[in-house]
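*Asks:* Now for the letters of each chain:
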Amino acid sequence: MNFFNTIRNYSTRYLSGSRARPIVFAPLPPKRDGEHVMSFLQNKLLAKYDPTGQRRKLAETLRAGDMIKVTYGDKSTAFGRIIAIKRGHNNVGHNILMRNKIGGLGVEVRVPLFNPTIKNIEVMHKPEKYLSRRKHFYIRNTKHDVGNIEDFLTRERIAKNQSN
Amino acid sequence: MIYLKTLLNVIDNSGAQVVECIKVLRHSPKNFAKIGDEITVVVKEAKPLSASITGQSANNRVKRRDICRAVVVRTKAPLRRPDGSTVRFDDNACVLINKNGDPLGTRVSSVVAKELRDLKYSKIATLAPKTF
Numbered sequence: 001m002n003f004f005n006t007i008r009n010y011s012t013r014y015l016s017g018s019r020a021r022p023i024v025f026a027p028l029p030p031k032r033d034g035e036h037v038m039s040f041l042q043n044k045l046l047a048k049y050d051p052t053g054q055r056r057k058l059a060e061t062l063r064a065g066d067m068i069k070v071t072y073g074d075k076s077t078a079f080g081r082i083i084a085i086k087r088g089h090n091n092v093g094h095n096i097l098m099r100n101k102i103g104g105l106g107v108e109v110r111v112p113l114f115n116p117t118i119k120n121i122e123v124m125h126k127p128e129k130y131l132s133r134r135k136h137f138y139i140r141n142t143k144h145d146v147g148n149i150e151d152f153l154t155r156e157r158i159a160k161n162q163s164n
Numbered sequence: 001m002i003y004l005k006t007l008l009n010v011i012d013n014s015g016a017q018v019v020e021c022i023k024v025l026r027h028s029p030k031n032f033a034k035i036g037d038e039i040t041v042v043v044k045e046a047k048p049l050s051a052s053i054t055g056q057s058a059n060n061r062v063k064r065r066d067i068c069r070a071v072v073v074r075t076k077a078p079l080r081r082p083d084g085s086t087v088r089f090d091d092n093a094c095v096l097i098n099k100n101g102d103p104l105g106t107r108v109s110s111v112v113a114k115e116l117r118d119l120k121y122s123k124i125a126t127l128a129p130k131t132f
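Taken in order, these protein sequences are the chains called A and B.
So in our numbering, spot 161 of the first sequence is number 161, and the numbers just go up one at a time.
So in our numbering, spot 131 of the second sequence is number 131, and the numbers just go up one at a time.
Each hint can be trusted.
No farther apart than 20 Å at their CA atoms in a straight line, the calculated lysine to any residue pairs in the SDA-like style are these:
1) A:K101 - B:T86
2) B:K114 - A:I118
3) A:K119 - B:G84
4) B:K47 - B:N13
5) B:K114 - A:P112
6) A:K86 - B:A77
7) A:K44 - A:N90
8) A:K101 - B:A125
9) B:K114 - B:D91
10) B:K76 - A:R140
11) A:K69 - A:F152
12) A:K86 - A:R133
13) B:K76 - A:G106
14) A:K126 - A:K160
15) A:K101 - B:K114
16) A:K86 - A:N43
17) A:K75 - B:G84
18) A:K69 - B:V87
19) A:K101 - B:D91
20) B:K123 - B:N98
21) A:K69 - B:K114
22) A:K75 - B:K114
23) B:K114 - A:A78
24) B:K130 - A:N148
25) A:K101 - B:N92
The set of hints was computed from the structure by calculation and includes no laboratory data.
Whole structure, please, built from the sequences with the hints as guidance.
*Replies:* Spelled out as structure tokens, the structure:
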């Protein structure tokens, strides 16, 4: 708005003199109802990739230490324990870093949360007591390291069935 | 990121256990090998030859100081997939191959990256117990 004020000041100064009056235009109406261009675009992308808001809600409940199962459109699945969640500020930049062990070898995958090829993200297990810190990079190759998540989940399911 | 002097685990039954990269093939000199890239390696550690091994695997057995070709199947450096996800493994590993791209061994012992299936190394991907 400062810009228009300066123009107006100029015009009054010109008026006081004997020179010709400059042309002053009315300010243009603000684009997108005054919304900032980045937030406008990000909201548009979020509406496109997460129309129901379900993924955004899920991201709020997830925490490093949870075990999740990611199902893709081609029905392939990936299990893992979350070791970090990168959160964007109201944008599609969220991603989840999860770790698993397959045959004793650690494998990590960083999954973009709003990836359209992902069909479902399911929370399989939440620990009673979480490790400290938001990001668990320090668990790699220590006693806190993850085991085979699939084996763990099957064992847990069997134990639950037996107790019932 | 596999380049000159990188040590890799060998996950097939060719007899080699640890190899050292001596050349990244078909890349500009400053570049490095990723999953699915071919490299030339020298065998640093190998399982001792024993009389009990017979058949095809005995013919393709490699010894220490042998020079062969290999394809990278796992890297510690994250590999970016077209959908924006990245994959990283806890070690650098390769499978020894001949000049036609066929594996020297008859077995692959642990997990390999999914990318090999779409390249000309689909045989390695099918031999592996699991792809990730």
